[in-house]
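For reference, the chains in residue letters:
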Amino acid sequence: MSEAAPSWRDRLLSDAPRSRREAKLGQLYRGWLQFRRNRLALLGLVIVVALVLVAAFAPWIATHHPYEQNLAQRLLPPGSQGHWLGTDEFGRDIFSRIVYGARITLYIVVLVALIAAPIGLLVGTAAGYLGGWVDAVLMRITDVFLAFPSLILALAFVAALGPGIENAVIAIALTSWPPYARIARAETLTIRNSDYIAAARLQGAGTGRILARHVMPLCLSSLTVRVTLDMAGIILTAAGLGFLGLGAQPPLAEWGAMVSSGRRYILDQWWVATIPGLAIFVVSLAFNLLGDGLRDVMDPRGKK
Amino acid sequence: MTALRRAPGFLLQVGLTLLGLLAVTFFIGRVVPIDPVLAVVGDQAPRDVYEAVRIELGLDQPLWWQFWVYVQKMVTGDFGMSLVTNRPVIEDIARVFPATLELATFATIIGVALGVPMGIAGAVWQDRWPDQIVRVVGLVGYSVPIFWLGIVGLLVFYGILGWVQGPGRLGVFFEDIVQPVTGVLLVDAAVAGEWEVFWNAFGHVVLPSAVLGYFSVAYIARMTRSFMLEQLTQEYVVTARAKGVSEARIVWVHALRNVSVPLVTVIALSYARLLEGAVLTETVFAWPGLGRYLTTALLAADMNAVLGATVVVGAVFVGVNLLSDLLYRLLDPRAK
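In the order they appear, the protein sequences are chains A and B.
Quick note: the first sequence uses my numbering, first residue 591, plus one each step.
Quick note: the second sequence uses my numbering, first residue 166, plus one each step.
I should point out that these hints are in silico values taken from the structure, not numbers from a laboratory.
Please note that a few of the clues may not be correct.
[What the hints assert, rightly or not] What the simulated footprint calls covered on chain A by chain B, stretch by stretch (three residues with Cβ under 8 Å from a Cβ of chain B suffice, anywhere in the stretch; the number is not a length):
1) 729-741
2) 834-846
3) 855-865
In this text, a Cβ means the ideal position worked out from N, Cα and C, and glycines have one as well.
Looking at chain B on its own, in the form it has when it is part of the complex:
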């Protein structure tokens, strides 16, 4: 029950982090060289109109009060209006978020499906060729610019080989066939039984998620390897060997069970990290997700949208970290 007793302090910490996050975005919003009053009244406005709008916007209040108002607005999801789409930022984000979710989920599936076996192979055959491959994959993963990887991927797999569909989320001919229900195209298409749409969407998602997933593969393989190495030197492994348990069973059953707990945290973290890579990947592949929404807003100097998207990404990041922490406590009896 200690977990319950520690809960308030834990939640307080998360709350403080989120508050700090808002403080940072508030600060960024304040240092913008654009005068918010001028944006409303124009630079020809007489002095008294200017003052009236300034008071209306609450800019005559002390800074801490402005911050308090800001926090209240953000917590209730009032991110203001987007200058580009002329709609509430929160609605825009709700519309584009599923696309990013789809991409990040696919990338994580790729990351786990390839990264975990690679990491295990690297640990079992330490310093032999499988280990060298893990090392090279990791090194390249930490060094390659993701937007470049995406462009080269497009050139090779779309331009030369023609294995996948081009940029975008769906071919022009397939648009508006399926009614958005969940916003995740593959799910919607499958539910509606539109298999042609499904396969077209699949052809579009494969390459961007593979590019994004490469980073998960690199990270997950590296971490799995080091967790596995740690387990394979433990005494219970020696005991199991002495008892004649097969090597495969030791690795895949005995050790993997112990590795799986920290691995859950790593996978959750890599999922959150993908949000970052998504900004660049979505730009390369014209993928209509949160990342592209953010960059489009940036280039249009649409501050409400930029800060709204930043807060959402930050909150998701904190949320996933919290979740992985809780999962760790739940799965590992020692953490209690």
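Next comes chain A alone, as it looks inside the complex:
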């Protein structure tokens, strides 16, 4: 942090912040102190940060080219001939493929969150604020989507759109916005009758402005928590689609697809299928731990 003045910690924790910005920073800092106490959540954060770093610096971390085939060295066990995690059925280095696979996983997760969260936010706040028939119609639509098991619906969408990573992202996003709409609506209902909303309206703010400037920002914290918690589910669904051959297509190093192609060798060359699966497990576990920690800090009501 830049404010390295001797008293920056006191300033952040003081009850009388000197500016709005300082108050906000102080709040963040208190949240961080609380978050830091949760060892498991911290572990989750470390793994997620590591995932981002691995994805960003994949070419420098990978020991081999992820797509380069070497049939003379196929199905080597972990640790042999410089292949830390062994090689797959085409002689490609599994470690390097997992490193590059981190990019695909992050790409999917981030894109789904960027598509689904705004849709949910828009639908939820509009339904909650406008009420009446708009609320009834929007919530009915939300219920219909919630009535489907999300993987099945994603499968049907992919069937229509065709396999591929972009289509998988669209399919997952289309099935994952309803919970966000529910949350945003619930938050909106609790604040729509507040005095400050009435004040904004009296000052002549239109519905769009009130929603965008005064309602949506307040929904963000609970939405962030929910999105983080859902990241694990998104990763699992994307990996499931990849496993079924409907997500990322070969030769892309998608973890779910790697498990699928290694499945044939499971009884003799166990590492080909199990190691990429372990990567999926570790990353989704990390997102769950991080999400739990964030929930405890940002949304004390959700605490059990």
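Since chain A is already given, all that's left is putting chain B on it; use the hints.
Relative to chain A, chain B alone:
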């Protein structure tokens, strides 16, 4: 009698949800980039043949009319023909559904048998080691890819230890011995008195249902724990303790009775959720159920079969939710 008075509104809601479900599948069927007319006539067909087939398929009608026709067909179970099996989709689904039912039922039995005691233990010894186990089981359950769990299970219990049978529903030597009556193999084999077949089928079902059941265990244990914690702080528990009722009796009789009502809903929900996990589990274990039917159809771009299976899964999902809601009203006098 308020329950009866509310029934029409309730049914209307379920009907609307089902209608919405059909609207979604109808929409998916429409955005498919495959031209349904071309699929019939081929791309060499002259213009007038193309137009004739288009009219025959009803594609010249307004969209709302097409939707109405679609709803009528779906409601009567006319899902069209499967391109892969060349039979009506509804017959295919009826044939494969019992296998999924068998798997999901076993998984739920495992989920209840392990999940409920674990949840109770977690609540009684809150923050001690039984509670930590419940927490870890839950966390892993929410994080592990089910297809990976299945593959590792196959490797360990079939490949290394040899405790269970491999993929599939029955060994090759045992096929076609038992006549399908209910379609649920274990029941059919037991009724026919073919115990060898029964045990072989049992060896096949154990691992996939355990893998699938793990998710029920995680979910049911977590929910049981939180329901139980809520009950154990109630005043009637304090009263019972003051009267000298043993702790075991308080937990297993007094509190459990109150927990059982919301638990029924949770179990029903987890049963419906298993349908989702079944898609991946059935693929791993080559289990000839609805999930594998769906994925096979997907890879063959057999849209009638895909949408038919999707509608069936959605309808079962809505149906189970409805059932659990009704059960809740029936069991909990306060809900009336």
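Hints versus structure:
no.	hint	verdict
1	729-741	holds (count 10)
2	834-846	holds (count 4)
3	855-865	holds (count 5)
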